[in-house]
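Trainee: Using the sequences plus the hints, can you model the full thing?
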Amino acid sequence: MKTRIIHTKIHEDDWFYTLSMAYRYFFIYLFTNARIGHTGIYELTDRIIHQETKASFDFIKKAKEIFEKAKKVLFYKGWVYVVKSSLYGGYSGKQNNVAYEKELT
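FYI, the numbering for the sequence shown is 643 to 747, going by my numbering.
Since the hints were made in silico from the structure, they are not lab data.
Heads up, some of the hints might be wrong.
Straight-line Cα separation of at most 27 Å, BS3-like style, residue types lysine-lysine; simulated pairs [claimed, not checked]:
id: 1; residue 1: Lys-714; residue 2: Lys-651
id: 2; residue 1: Lys-713; residue 2: Lys-703
id: 3; residue 1: Lys-726; residue 2: Lys-651
id: 4; residue 1: Lys-726; residue 2: Lys-706
id: 5; residue 1: Lys-726; residue 2: Lys-696
Simulated restraints on C-beta separations [to be verified]:
id: 6; residue 1: Gly-720; residue 2: Lys-651; range: 12 to 20 Å
id: 7; residue 1: Gly-720; residue 2: Thr-650; range: 14 to 22 Å
id: 8; residue 1: Ile-690; residue 2: Asp-656; range: 24 to 32 Å
Just so it is clear, the structure is predicted and the values come from calculations on it, not from any experiment.
Glycine included, every Cβ here is placed at the ideal spot set by N, Cα and C.
Mentor: Written out as structure tokens, the structure reads:
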């Protein structure tokens, strides 16, 4: 089981502050679910998102549009890239840097 932390500074982020509770939850889900690794790039289909969050497909589509417009999360053919995911939730240090490079390759 992976462990992710959520940095409390996320609540000071102006963009995050403007989101409704549902979009905040969805954003946090994207960088804390079991599939995300050190790079913030991982495979995740809308069907799995729907199963795990119970969000409607319309909500998922709208959330993706909002996050991509803000350049916070990018989506491509069932893949997700949480831009700067380590700023929201993650660890730092030499071992994490090695794991990041390994995962990226």
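Trainee: Are the Cα positions of Lys-713 and Lys-703 separated by 27 Å at most?
Mentor: Since the Cα atoms of Lys-713 and Lys-703 sit roughly 15 Å apart, the hinted pair holds (cutoff 27 Å).
Trainee: How does the Cβ-Cβ distance of Ile-690 and Asp-656 compare with 24 to 32 Å: does it lie in that range?
Mentor: 30 Å, holds
Trainee: Hey, Lys-726 versus Lys-651, does the alpha-carbon distance stay inside 27 Å?
Mentor: Judged against 27 Å, a Cα distance of about 13 Å means the pair holds.
Trainee: Hey, Lys-714 versus Lys-651, does the alpha-carbon distance stay inside 27 Å?
Mentor: OK: Lys-714 and Lys-651 at ~15 Å, within 27 Å.
Trainee: Quick one, are Lys-726 and Lys-706 close enough, alpha carbons at most 27 Å?
Mentor: 16 Å, holds
Trainee: Using the C-beta atoms of Gly-720 and Thr-650, is the stated range 14 to 22 Å upheld?
Mentor: 31 Å, violated
Trainee: Quick one: are Gly-720 and Lys-651 within 12 to 20 Å, going by C-beta?
Mentor: 30 Å, violated
Trainee: Has the given pair, Lys-726 with Lys-696, been kept, meaning a C-alpha gap of at most 27 Å?
Mentor: 26 Å, holds
Consistency note: the structure conflicts with the earlier hints numbered 6 and 7.
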